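Take a look at the letters that make up each chain.
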Amino acid sequence: MADIAHPTRLESLAGRAIGATGVMLTPAPAAHRVVLRADPREAEALSKALGLELPAAPKTSARTDTGRLIAWLGPDEWLIIDENGDPAADLAKAAALHSAVDISHRNTAILVTGKGARATVQGGCPQNLSERAFPVGSASRTVLGKIEVVILRTGAEEFRVECWRSFADYAFGVLSEAAKDCLA
Amino acid sequence: MTSFRVKDRGRVKADRPVRFSFDGVAYEGCEGDTVASALLANGVHLMGRGFKYHRPRGPVTAGSEEPNALIGTSRGVGRFEPNTRATVQEIYQGLTTESQNKWPSLKFDVGAINDRLYMLFSAGFYYKTFMWPRSFWDKVYEPFIRRAAGLGKAPVDVDPDHYASRYLYCDVLIVGAGPSGLAAALAAAQTGVNVVVVDEHAEMGGSLLSEPSVGINGKAAWDWLEATLDELGRLPNVRLMTRTTAIGYYHQNMIALCQKLTDHLAELPTDAPRERMWRVRAKQVVLGQGAIERPLVFDGNDRPGVMLASAAQTYLNRYGVKVGNRPVILTSHDSAWYAAFDLADAGAKVGAIVDTRNDIQAALMQQAKARGIETLTGHTATATSGRLRVKSVRVNPVRGGRVGKARTIDCDALLMSGGWTPSLHLFSHTKGSLHWDAEENVYLPGQQTEECHIAGAGRGLWGIAAVLEDGVKAGTAAVRALGHSCDAVRFDVSDDRTGNGVTHKELATDRSPGRAKAFIDFQNDVTAKDIRLAVREGMRSIEHVKRYTTNGMATDQGKMSNMNGLMIASDALQKEAPQVGLTTFRPPYTPTTFGTFAGYHKGSHFELTRKTPIDSWAEEHGAAFEPVALWRRAWYFPKAGETMHMAVSRECKATRESIGIFDASTLGKIEVSGPDAVEFMNRMYTNPWTKLAPGRCRYGLLLGEDGFIRDDGVIGRMRDDLFHVTTTTGGAARVLNMMEDYLQTEWPDLKVWLTSTTEEWATIALNGPNARKLLAPLVEGVDISADAFPHMSVAECTVAGFSSRLFRISFTGELGFEVNVPARHGRALWKKLMQAGRQYDICPYGTETMHVLRAEKGYIIIGQDTDGTVTPQDAGIGWAIGKAKPDFVGKRSLSRPDIVARDRKHLVGLLTDDPKIVLEEGAQIVTDPNQPLPMKMIGHVTSSYWSEALGRSIAMALVAGGHEKMDQTLYIPMPGHTVAAKVTGTVFYDPAGERLKVE
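Heads up: the protein sequence lines correspond to chains A and B, in order. According to this note's numbering, the first sequence is numbered sequentially starting from 1. According to this note's numbering, the second sequence is numbered sequentially starting from 1.
Hint data in this document are derived by calculation from the structure and do not stem from the laboratory. Quick caveat: nothing in here was measured; it's all calculated off a predicted structure. One or more of the hints may lead you astray.
Unchecked claim - Computed cross-link-like contacts, SDA-like style, restricted to lysine to any residue with a CA-CA straight-line distance of at most 20 Å:
#1 B:K936 with B:T969
#2 A:K146 with B:A598
#3 B:K283 with A:S130
#4 B:K832 with A:L10
#5 B:K751 with A:A96
#6 B:K751 with A:L97
#7 B:K102 with B:H54
#8 A:K93 with B:L722
Unchecked claim - Here are a few chain A residues that sit away from chain B, every Cβ distance over 12 Å (derived from the structure):
#9 A43
#10 A45
#11 S47
#12 A56
#13 A57
#14 A62
#15 T66
#16 G114
#17 T154
Where is the CB? At the ideal position from N, CA and C, for every residue including glycine.
Isolated chain A (complex conformation) (with noise of 0.2 Å):
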């Protein structure tokens, strides 16, 4: 579903990026995208399914060395994120029940990277992203400015910022905004 080689896809930020003094904003290449909802107790048999275990506590997530994500949304709720496999065939395959619903195109992210990341991302987002509190791993379904984003910590200095389509715009604008002062 997501044909994310497909050559008319019309991409939200497509040739975007910009380089402030100390942070990089890019786009993140597409990606397949599956919110998962499915009760806790079947857990294991959908794990099993994709190839990894399903994060049970809230603000983390696990990944593959082939670059699956999965990020804990809620106690029934987890976003996936795979540039490569689709998640949504290999759920097909688990008999446990859930829903496995494809928004691969709903969704877009923002890849923060560089020693002011956490910086300009904090510029509007009021989550605590210290080191301490939202270590490499980390994962929240949060605010930044006036939109619902999720929110990755994919590395000491680099954040993913996963967001609706029609926020992208409006979410790249922050983060630039944000980019500009993040070595204060």
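Since the structure of chain A is already known, use the hints to place chain B on it.
Just chain B, lined up with the frame of chain A:
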């Protein structure tokens, strides 16, 4: 021009001159000066005019509490700021400043006539003067008040600066980097916790900057300060922020900081924000805000040259400026004696130290004597003279309550001290209780509501040693609360200037107190007699006195005036101060720019504009747009020379006659899945869903518990356990939240999951008799012929090669399809359909045409034809209610007597007698246009359009008892004329629905 700069004093860089201007005159100051210190160095005290009486005024303080010396600063277009405190604004090369509230000039101000008419401007003059006649209010009084209100001119140009925002978390936030704050920082930082220290000044040090003679741990004060700041600055867990004001203290230890970044720089760095707002969540807070000196209240205490003794001391020791050559000290506190000694040591000839108290420490008397300074104890001040600068002060001895013979002492500065008021502003923001110290006549912090610790002069302590020790205590308590222990930090202080004093109401006088201009609130020009008048006229609470007199209501929030006002009010009421009360301090602590609050929320980021995947095509093709919720939607597509009316009529005609294409991507979409999905749908929506087969869809109606219509949309059943729900554009988030709410709180037993798919799909609607002809060749995987794919069908298939969910539905009354494809392919599909549709003259249409076409069919728009008080029966869509269902949201309310009453407002059609008249939406409806005013209104027009298909106007309206008024004529009174219209059904076009059946 005489220089008042004192060699080898102060922290300013005497070898780095800075040129700036004030009221068009060029002055020279030094790097490190404020506008006030630089002007004082040039002998200029006159910096402004009073608000009400326009009396000449000079700076009273050397800090952010300054009420008088307010100036306008500018640096090019858009960078003008009024009401800047000259005592805070640092000078830089080329800074341009001007005085305020004067005309034609600061030295000769016509408005000063008010000073002679002062009896007119007594307390409550607004309420008394502007009463009568009523007709004067709009033209005379209000413009007068508006012009008189406020001091500076508001800037008119767009602010070219930008303002940054940041969220910050820390363990300990220390507000105020004076001795108590620094001591707290030293104690807390050694444990390794995150410490943030902020100070509103350009330099840290607080009172130490004005007290260089004190020794700490064997070092001179400034050497100790430098070493301490250096030590703290090296620690990786400490962040020091200057020019940073804690403006507000909110719940759960959230503190807002405003950091000024460029207002002191001659060259503006590219892209640097002017100010930065920090929203800090601190686990522990230490407030070391210090204390503010109180003025004394006596006749003429506002002349330029009359200032606080501590301010004179700061100007001398921090800025190297003598505020006068012949100062006189007037005090009720020991602290002012040291100001006198410092000035004398700097070469000033101190005229006298006048103290209201009889008994003074022998040591102070000795030091005065050693310097040859005359001391007058047990004295009062009863007047001053001097127009633009104080020339003399009249003092009298007071013996046994009797004021004795006056004596006049010449002076060029009068330095007063009426004691000290602990700064409790931030603590008050937390709603912490205050405790009245009857001995010192001050409020002190009491019960705390937040995790905060108050240290130093802010809780009434005096002397550097005591304050340092208290800071350590606060810092230690803060880190202990976090589970750390820290080593004791000790200070050995020498040459500490301890002392005490008393406070007063107005000073005793031998003259008529009714004629005295003894100011309390310098910025709002409130005098002692205003307070007494307010009490005489019946004000009992300080809150009433404040509003009646405006005491403490200026931009300084009464930092200097509150306590003096309270002392006088409590005296007038013969009540203890706590019984009279204390007015509430509110954020921000000091005036803060709008830009700082706005931060990134400006321009295109003020609000987000959501755009569909097809929006760029519409823009390229000249669409006019309209905002719908946060979306911008194509409104209509005008061709060259077309008006909106022409474009919409053309789009309507093309759609009805051949085919129109419409971007419906903004419709809310929710995927409802799970084995209990159908049960969930039955409970949420009014309609029955059980018998709806997969592959079919149905109009769904959603009510609130009150039985009123909340939302609607077509809902497709994709599988037994999967529904594709659509909602209105504006209702998408609300509906999802409402569903989640019911699912989580009312029916957690249901196995159902909801996922928003609004933005997963781009939705393109094709409507018109040629819709199937265009679409059929592009569709694979489903037969869309009329029989195989009847009206209200849904299927998964591919359209033009894109995987798709295809609906056969219509919001126009024409044969219609809605194609949903993954969002990133929306624009590509649209272009393919446009290309394939050329043979049918396919016409893109916008929301306006969509509105007209649906109105012709009587389809309602939620929020336009309904307003939150409309039931399904009112709207004429009672057929959408599954009457056999045991329950659904809102069911019970639909049988309430009020809901079934016959005179409720019903949705009806209206056809004007004159078919060319298009009614105004919102227009009121009456039965008899000749009845006397005010007429009884029985409803209003909700939708009204020109219908190209019918060649006449059509309208819908909510009318009381409308369903029983069919064929009656009602009237719509408009300015200058009345329109008659007949009540009809709401379906104007193709009532039999034949057009849906096109083969």
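To see whether the hints hold, each was checked on the structure:
1. B:K936 with B:T969: holds (16 Å)
2. A:K146 with B:A598: Roughly 13 Å between the alpha carbons, so the hint for K146 (chain A) and A598 (chain B) holds.
3. B:K283 with A:S130: Distance of about 14 Å is within 20 Å: holds.
4. B:K832 with A:L10: holds (14 Å)
5. B:K751 with A:A96: Holds, at about 13 Å.
6. B:K751 with A:L97: Holds: K751 (chain B) and L97 (chain A) sit about 9 Å apart, inside 20 Å.
7. B:K102 with B:H54: holds (7 Å)
8. A:K93 with B:L722: Since the Cα atoms of K93 (chain A) and L722 (chain B) sit roughly 18 Å apart, the hinted pair holds (cutoff 20 Å).
9. A43: For A43 (chain A), whose nearest Cβ neighbour in chain B is about 15 Å away, the distance exceeds 12 Å, so it holds.
10. A45: holds (16 Å)
11. S47: holds (18 Å)
12. A56: With a cut-off of 12 Å, A56 (chain A) remains clear of chain B, as the shortest Cβ separation is near 18 Å.
13. A57: The claim holds: A57 (chain A) sits with its nearest Cβ about 20 Å from chain B, beyond 12 Å.
14. A62: holds (20 Å)
15. T66: T66 (chain A) clear of chain B: closest Cβ-Cβ about 23 Å, beyond 12 Å.
16. G114: Given that every Cβ of chain B is farther than 12 Å from that of G114 (chain A), nearest at about 16 Å, it holds.
17. T154: holds (20 Å)
Hint check: no violations occur; every hint is consistent with the structure.
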